[in-house]
Amino acid sequence: MRPFARLNRMFSRLPVHLSLGVLVVLWIVPTLGVFVTSFRSREAVRTTGWWTVFLPQEVEGKVEYATYCEGCHGADGAGVPAADLSDPAVVGKFPRSNRLLAVLRRPLESGELHVQDPGLPEDPNQALETLAPILGYMQVLSGIEEGAAGRLTLRNYADALVGYKGTQDYLTDCEQGVASALAKFNCDASDLLRPEGMGRAFLNTVAVAIPSALLPILIAGFGAYAFAWMDFPARQWLFAILVGLQIIPLQLALVPIARMYTSVGLQSTFLGIWLFHTGFGLPYAIYLMRNFLGGLPREVFESVYIDGANHWTAFWRLAIPLSVPAIASLGIFQFLWIWNDFLVAKIFLSSHPVLTVQITNLIDPRGANWHILTGAAFLSFIVPMAVFFGLQRFFVRGLLAGSVKG
Amino acid sequence: MAAPKIMQQGRVVPWLYLLPALIVIAVFILYPTANTFQLSLRDRTGRQPATAECVEGEPCWGPFENYRYTLTSPEMLIALRNNALWILVMVPITIGIGLVIAVLADRVRYESLVKSIIFMPMAISFIGAGVIWRFMYHIETGSLEQIGVLNAILVGLGLDPVPWLSTAWVNNFALMAVGVWLWAGFCMTILSAALKGLPPEVIEAARVDGATEWQLFWQVMMPMILPTVTVVLTTMIIIILKIFDIVFVMTGGLFGTEVIANRMFKLIVTHTGRSTAIAMLLLVLTIPVMVFNVRRFREQEAMR
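Respectively, the protein sequence lines represent chains A and B.
Read in the numbering used here, the first sequence has 312 at position 312, and its numbers run on one by one without any break.
When you read off a place in the second sequence, starting at 1, and then add 406, the result is the number in the numbering used here.
None of these hints come from the bench; they were simulated from the model.
Treat the numbers as computed from the prediction; the structure is a model and nothing was measured.
Even for Gly, the Cβ is constructed at its ideal location relative to N, Cα and C.
Treat the hints with caution; some may be incorrect.
[What the hints assert, rightly or not] Below, simulated SDA-like cross-link-like pairs (lysine to any residue); rule was C-alpha separation at most 25 Å, straight line: (1) B:Lys602 with B:Ser522; (2) B:Lys672 with A:Ser12; (3) A:Lys346 with B:Ala432; (4) B:Lys521 with A:Lys165; (5) B:Lys521 with A:His17; (6) B:Lys602 with A:Pro325; (7) A:Lys346 with B:His677; (8) A:Lys165 with A:Ala368; (9) B:Lys672 with A:Leu266; (10) A:Lys346 with B:Arg450; (11) B:Lys521 with A:Leu14; (12) B:Lys521 with A:Ser12; (13) B:Lys521 with B:Trp624; (14) A:Lys346 with B:Trp624; (15) B:Lys521 with B:Val635.
[As the list claims (entries may be wrong)] Here's a subset of chain B near chain A, in silico, CB distances under 8 Å, partners left out: (16) Thr478; (17) Ile523; (18) Val576; (19) Phe579; (20) Ile644.
[Stated by the list, open to error] Computed spacing ranges between beta-carbons, pair by pair: (21) A:Gly308 with B:Ala708: 32 to 40 Å; (22) B:Tyr516 with A:Leu203: 35 to 43 Å; (23) B:Ser518 with A:Leu203: 32 to 40 Å; (24) A:Asn361 with B:Cys466: 35 to 43 Å.
When you get a sec, could you build the whole thing from the sequences and use the hints?
See the structure below:
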């Protein structure tokens, strides 16, 4: 019976595995769809579902090629060295099937018919109809046209980075010197910094997120140290207020701060948005760091005070180095929060769009530019996903350490 | 916990350490809150009293005219209804799914993989999530194939495609599904940590006494994690009260999907008084949870 024990257990757990499997698929499919779509050409995105890239592709013309040509030219097209169909130069001589038909109607040097057993249809129209898919297949074979398998492209990412909205893609239009591309774009690396592109938005987001994550931690560090290791009258209730403030809706500050910024010239400046994020990041940051600092062993602090250290030294030499784990969790949490923020950036940094704001600028209400939008979305996911998968432990710890900020 | 004598300092030093934080909080949280209340009693420009907005022969709440708009106007009633719908429907479903995953994943070897995948949406922006789901819900009205997954499935089953985001009621549930997809991972993470923190001997004892897995969950584990469930519930309620990005990017609040925070956002530029009155409503709705959080904190402190 023993060998079956494991099998039995597996079957009794089958419902568990199945439900988890279904949930995992439900959770992955939406993101996978956007990811796959971001690598497909505009035409492919428009005409077929992204999931078709996982289905076996029936290449057009393959059957006809096998019937008429494969016998001599071989499956890879290189069977006849003098007429190597895998060579783009050879196939390139036949832009249309009537040119191909003219050659095929001529007998070979040996005097035999070029196409025999089965021969091409006698009727020219029928013959051309047969040849069109064969020519298409030869173009795929020689690499002139991208086949179904090779339809994945990075061009959407180029479009998203520069913010191109032309009728073809940015790289093609630049190569061909299309006027709509040349009017606004230089077609060189400087386009990466164009204000309507995701490249510039990426830099803006970095410029917003890093100081906005560091500043509250520094200020919170001082405050948390006071709450944890100093004695002063209002300590308990002041901290209780901070606990309450953690969930205060930031909507409350939007209009007054926008008016204040306009009058002091901070509207749409990086300094303005750093300060705003610092303000709303502080209650949570102080709460988290005070809990961490307060949890450190009292003896450590007592011993340095006995050795004659003052608070300033104890703060920089002891509290800060010891709270690196808390700072890491907090920093990552705050960084991702700001990286993904839309509302605050939309209102306080309108002239320097960050990634989330730029994505909303790229949305086409008719849904005709999914190829660019999906690429843009993924550009904005790269950093959070890298942080998330690389530093998941810290992220989850930050989440568990307290109630969640807002 | 009072600091020992050895660490005591002058009266001034603690306030020096607190000063930067207190200034920033005063300028960015406390002053704006007071100012928002002031502005909520003014008109659209923020210069005249709100009574200036009153129209002869129509109902008017005098200085509280903007609150009349906030609480009784048709578009705000839709928004209030939708936020309530999110809280009553989406929040329980999200917590339920989070709990189910936490419990199930605990029993398999690939637990961390499952949890990473379910949690992943929390790492990306709500705007990005909105793009992901707009694509899921995409409808092709011309003769082309359906490229959105949901409508492709419907067509594959021989049914007609559905305009998910522009059909009243359907769209609210479509948006809530996105919310579940986003926040189930958050609920799962916190509840899973609570489940793993349960004392194993209690669970063993219940198993030895012959409790079924079902009884074990409902009669042993559930009561023990109830405090954590409450925290998750209140946190989710606060998140949903302020729900904005998803609605903004997917429907813009059109077709009956308006929510409080989106209405507030729309009015920021055009109507200072109404916009700030709505912000005050958000504050008032948040206060019970604030009180709850502070109470819970004081209980925890008392136990330390």
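Evaluated hints:
1. B:Lys602 with B:Ser522: The hint holds at about 17 Å.
2. B:Lys672 with A:Ser12: violated (54 Å)
3. A:Lys346 with B:Ala432: holds (23 Å)
4. B:Lys521 with A:Lys165: The given pair, whose Cα atoms are some 38 Å apart, is violated under the 25 Å limit.
5. B:Lys521 with A:His17: Holds. Lys521 of chain B to His17 of chain A sits at ~14 Å (cutoff 25 Å).
6. B:Lys602 with A:Pro325: Judged against 25 Å, a Cα distance of about 22 Å means the pair holds.
7. A:Lys346 with B:His677: holds (17 Å)
8. A:Lys165 with A:Ala368: holds (11 Å)
9. B:Lys672 with A:Leu266: holds (22 Å)
10. A:Lys346 with B:Arg450: holds (21 Å)
11. B:Lys521 with A:Leu14: Roughly 19 Å separates the two Cα atoms, so the pair holds.
12. B:Lys521 with A:Ser12: Holds: Lys521 of chain B and Ser12 of chain A sit about 22 Å apart, inside 25 Å.
13. B:Lys521 with B:Trp624: holds (22 Å)
14. A:Lys346 with B:Trp624: violated (45 Å)
15. B:Lys521 with B:Val635: holds (18 Å)
16. Thr478: violated (20 Å)
17. Ile523: The hint holds - Ile523 of chain B has a Cβ within 8 Å of chain A, the shortest such distance being about 5 Å.
18. Val576: Violated, about 18 Å.
19. Phe579: violated (15 Å)
20. Ile644: holds (5 Å)
21. A:Gly308 with B:Ala708: 32 to 40 Å: Check passed, 35 Å falls within 32 to 40 Å.
22. B:Tyr516 with A:Leu203: 35 to 43 Å: holds (38 Å)
23. B:Ser518 with A:Leu203: 32 to 40 Å: holds (34 Å)
24. A:Asn361 with B:Cys466: 35 to 43 Å: holds (39 Å)
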